[in-house]
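Peer 1: Keeping the supplied structure of chain A fixed, place chain B upon it in accordance with the hints.
The residues making up each chain are set out below.
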Amino acid sequence: EAGVAQSPRYKIIEKRQSVAFWCNPISGHATLYWYQQILGQGPKLLIQFQNNGVVDDSQLPKDRFSAERLKGVDSTLKIQPAKLEDSAVYLCASSPSRGGTDTQYFGPGTRLTVL
Amino acid sequence: SQKIEQNSEALNIQEGKTATLTCNYTNYSPAYLQWYRQDPGRGPVFLLLIRENEKEKRKERLKVTFDTTLKQSLFHITASQPADSATYLCALDDNYGQNFVFGPGTRLSVLP
Chain A
1 EAGVAQSPRY KIIEKRQSVA FWCNPISGHA TLYWYQQILG QGPKLLIQFQ NNGVVDDSQL
61 PKDRFSAERL KGVDSTLKIQ PAKLEDSAVY LCASSPSRGG TDTQYFGPGT RLTVL
Chain B
1001 SQKIEQNSEA LNIQEGKTAT LTCNYTNYSP AYLQWYRQDP GRGPVFLLLI RENEKEKRKE
1061 RLKVTFDTTL KQSLFHITAS QPADSATYLC ALDDNYGQNF VFGPGTRLSV LP
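Sequences listed follow chains A and B, in order. Each residue of the first sequence is one higher than the one before, starting from 1 at the first, in the numbering used here. Each residue of the second sequence is one higher than the one before, starting from 1001 at the first, in the numbering used here.
Since the hints were derived computationally from the structure, they do not count as laboratory data. Note that the coordinates shown come from a computational prediction; the quantities given were computed from them, not determined experimentally. We treat Cβ as the ideally placed atom computed from N, Cα and C, and that holds for glycine. Any given hint could turn out to be false.
List time: in silico DSS-like cross-link candidates among lysine-lysine, alpha-carbon distance up to 27 Å [to be verified]:
#, chain 1, residue 1, chain 2, residue 2
1, A, Lys15, A, Lys71
2, B, Lys1003, A, Lys62
3, B, Lys1017, B, Lys1055
4, B, Lys1057, A, Lys44
5, A, Lys78, A, Lys15
6, B, Lys1071, A, Lys44
7, A, Lys44, B, Lys1063
8, B, Lys1017, A, Lys44
Stretch by stretch, here's where chain B covers chain A in the computed footprint (C-beta under 8 Å, at least three residues) [to be verified]:
#, region
9, 41-52
10, 104-111
Just chain A, same shape as in the assembly:
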């Protein structure tokens, strides 16, 4: 079974530029998560999708971050414009359904550096 795929693996941009990250979850997984992990900290949930609907986006900075999950499969996370404090690893995870007993399967992440 293929794991969660993310691209690109690394991205370096100047502040105020835009960037987009892509995630392909494990086939058949209904729930998709985007996390931000700043160096030395645990992952912070940005947004959670159940199929193609948003379950929780309370910690997503909506003035600059947006995310979509078309057709309930792949997802993209966009930052526009980027700030220095957005430098972090962006992790995508998926799980078969929604709920705390579900194991989350994580992708390798995209390391973003904003200069």
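Peer 2: Below, chain B without anything else, positioned relative to chain A:
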């Protein structure tokens, strides 16, 4: 305010000893608590889940306890090996999947 704390940023132990990592939480009422392992440059990998009505869970050399009165989970690795060196994250599910929160992690180093 709500908070999750893990005992220390880094823990060094000798090979063969038991590593004990702690996870304390404040102002959460988790139904479940999970432990993940994260290696440098990789995403977290699920290890164990324990429910609020379970006191202890085991898997091979791993053991997790969950005390809802103390608001604490302990994660033990027995007969530790250098390959166990990684960052260990606790995560709790507050409100049945509506709010999934990770702790800051503890970086474990097992010295040969």
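Peer 1: Take the hints in turn and mark each one as holding or not.
Peer 2: Status of the hints after comparison with the structure:
For the hint pairing lysine 15 (chain A) with lysine 71 (chain A), the CA-to-CA distance comes to about 31 Å; that exceeds 27 Å, so the pair is violated. Only pairs whose Cα atoms come within 27 Å are accepted, and lysine 1003 (chain B) paired with lysine 62 (chain A) is accepted, the gap being roughly 24 Å. Annotation: proposed proximity of lysine 1017 (chain B) to lysine 1055 (chain B) holds, straight-line Cα distance about 23 Å (limit 27 Å). As the CA atoms of lysine 1057 (chain B) and lysine 44 (chain A) are separated by approximately 26 Å, the hinted pair is consistent with the 27 Å bound.
Taken as a hint, the lysine 78 (chain A) and lysine 15 (chain A) pair is honoured in the structure, with Cα atoms around 14 Å apart against an allowance of 27 Å. Using a Cα cut-off of 27 Å, the hinted pair lysine 1071 (chain B) and lysine 44 (chain A) holds, with the two alpha carbons roughly 21 Å apart. The suggested pairing of lysine 44 (chain A) with lysine 1063 (chain B) holds, with an alpha-carbon distance near 25 Å, which does not exceed 27 Å. Taking the CA atoms of lysine 1017 (chain B) and lysine 44 (chain A), the gap is about 32 Å. The hint is violated against a cut of 27 Å.
For a cut-off of 8 Å, the count of residues in the region 41-52 of chain A with a CB near a CB of chain B stands at 6, and the three-residue condition holds. Counting residues of the region 104-111 of chain A whose beta-carbon sits less than 8 Å from any beta-carbon of chain B gives 6, enough to reach three: the coverage restraint holds.
Against the hints set out earlier in the document, violations occur for numbers 1 and 8.
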